[in-house]
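A.B. asks: So you can see what is in the structure, the chains are spelled out below.
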Amino acid sequence: MTAPASVPAPAATAKAAASAAATPPPRPAGRWKPWLAFGVIAVITAVTLSPQLGIAFSLDAIARNWQNGAAKIVQLLQPDWSFFPRTIPPMLETLEMAVIATAVSTLIALPLSLWAARLTNPHWVGRGIVRVILNIVRAVPELLYAAILVAMVGVGALPGILALVLFNVGIIVKLVSEAIESNDAGPLEAARAAGGTQAQINRAVALPDVWPSFVNQVLYVLELNVRSGTVLGLVGAGGIGLLIDAVRTYFRYDQLSVIILEVLVVVILLELVSSAIRKRLV
Amino acid sequence: MSAVAPPRPSRTRGRVVASIVVVVVVIAFWSVDINWARLGNLPAEIVRYLWLMFSAPDWSKLGEALYQTWRSVEMAWVGTVFGIIVATPLSFLAAKGFGPPPVQAALRGVFAVIRAVPEIIIAIIILSVTGLTPLTGALALAVGGIGTLGKWGFESIDGVPRGPIEAVRAAGGSTSQVLRWGVWPSASPEFLSFWLYRFEINVRASAVLGLIGVGGIGDMLTSYTQYRQWGVVGMLLIVVVIVTIALDAISGAIRRRITEGAPVHDLER
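Line by line, the protein sequences are chains A and B.
So the first sequence is numbered by full-length UniProt numbering: it starts at 1 and just counts up by one.
So the second sequence is numbered by full-length UniProt numbering: it starts at 1 and just counts up by one.
Errors might be hidden in some of the hints.
[What the hints assert, rightly or not] No farther apart than 30 Å at their CA atoms in a straight line, the calculated lysine-lysine pairs in the DSS-like style are these: (1) Lys174/A with Lys279/A; (2) Lys279/A with Lys96/B; (3) Lys151/B with Lys33/A; (4) Lys96/B with Lys151/B; (5) Lys151/B with Lys279/A; (6) Lys174/A with Lys151/B.
Hints are computed from structural coordinates only; laboratory data are not their basis.
Given these sequences and hints, build the entire structure.
C.D. replies: Following this line, the structure appears as structure tokens:
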């Protein structure tokens with residue numbers, strides 16, 4: 001194997017000489033940028049953890065109360081099953097609230113999403129107004145709405161449903177109007193060329209097009225509603241959250257764990273069902 | 001030859017589904033415990049409260065509101081950072097081909113369970129250790145973050161092209177070198193972008209966690225709602241909306257920069 005090396009071909013010698021003389025290409029500029037970003041993140045984290053400016057992170061409290069926490073976790077691991085029957089009616093209320101909120105917000109969101117998309121509403125003023133309002137509505141979490149609505153209309157399922165509807169309309173309209181915009185504009189233009197009014201175009205062309213993505217988002221919102229419907233009761237807005245609030249005030253973590261397990265089962269079941277439906281849609 | 005129209009596609013299934021949906025909705029409306037009579041004057045009531053809140057927002061408490069907002073954002077930040085620190089190694093273990101299969105399955109189960117539990121319940125469990133402090137909120141967000149970050153993480157690692165990984169292995173790379181040079185370069189934009197996305201989620205969730213008393217803007221909002229000082233509530237809502245939209249805009253801009261790359265300044269022809 002030494003022969004080729006001792007008698008190299010002329011081309012190879014030239015190549016080797018060239019590579020020896022050539023300097024490696026310069027390192028790409030801007031390699032300091034990730035380090036800068038990392039530094040900024042580290043500084044912010046240090047500030048947020050500091051006792052004066054931040055949330056006063058201390059292992060001290062954890063070390064002191066470790067026993068307490070461990071006892072609670074032991075309680076959590078021993079669910080009090082005799083509590084289970086009492087959790088069923090509030091759980092049903094949570095599901096009812098989720099279904100009603102989904103239904104109502106679907107009815108409100110369908111016209112609004114057509115209103116908020118460029119292809120189905122060429123007038124930018126109306127579109128802009130809807131979008132701005134919904135951006136503002138979406139910025140507030142549903143539990144804060146619920147807390148305020150409970151003070152307005154009183155304790156019960158109604159403020160919970162209203163809070164969910166507010167939040168849902170924001171999400172559905174955003175996602176569906178984005179889906180409309182990503183659709184092919186061709187059929188809509190064809191319908192316009194055929195002399196259809198915007199309403200006719202939306203009804204005959206846009207609607208069938210967005211239908212799958214609309215159903216998809218509605219299912220997604222139903223899942224969200226069940227999930228957040230379980231905690232709305234913490235502020236008095238109905239459902240199983242009321243019970244969570246009650247058992248947490250008495251530190252009955254053995255009962256809390258029954259509720260958590262129930263929420264888990266319901267949420268995961270719903271996820272399975274809706275993903276099965278989604279597969280059929282696509 | 002008269003053409004025969006093709007038979008209409010069967011609509012039975014659609015009708016069955018539609019009627020099931022209608023029945024479920026009707027049952028829900030029927031059985032829910034709401035005093036429907038009150039619904040009539042609801043719009044007027046809501047308009048009245050909106051007027052109370054926004055006709056004259058009470059700006060005298062703005063200083064405290066900003067301080068509490070800062071505390072909420074801190075909770076969100078610390079929760080995100082801790083979540084990332086714990087979730088990233090776990091998501092590598094949960095990805096195909098890196099952890100042992102039983103660990104993989106177990107971790108995926110853990111992520112799913114965490115995602116099904118609302119952060120506020122996680123916080124209720126954690127507060128038995130750390131009390132009603134912002135730290136509780138941050139830890140709850142961190143644990144909640146493990147569920148989502150872990151899932152997104154292993155999904156994006158599963159989606160990484162196998163070529164570079166095999167190349168690093170063939171060159172004799174250890175597992176950590178495979179992760180650094182085979183996985184990280186193609187997975188990092190996605191990782192960075194969902195870290196930012198989780199921060200956006202945490203900003204909203206941290207406001208909510210205030211409701212159980214761990215501090216922050218949510219805490220302040222519930223107090224003033226209970227005092228029925230609607231002017232302050234209106235001001236707080238305005239602060240929440242502006243801060244959330246601003247942070248979303250910043251984080252969204254960074255995310256777009258990461259996933260779409262640098263803007264092209266000039267093209268040499």
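A.B. asks: In ascending order, which of the hints set out earlier in this document are inconsistent with the structure?
C.D. replies: Every hint satisfied by this model.
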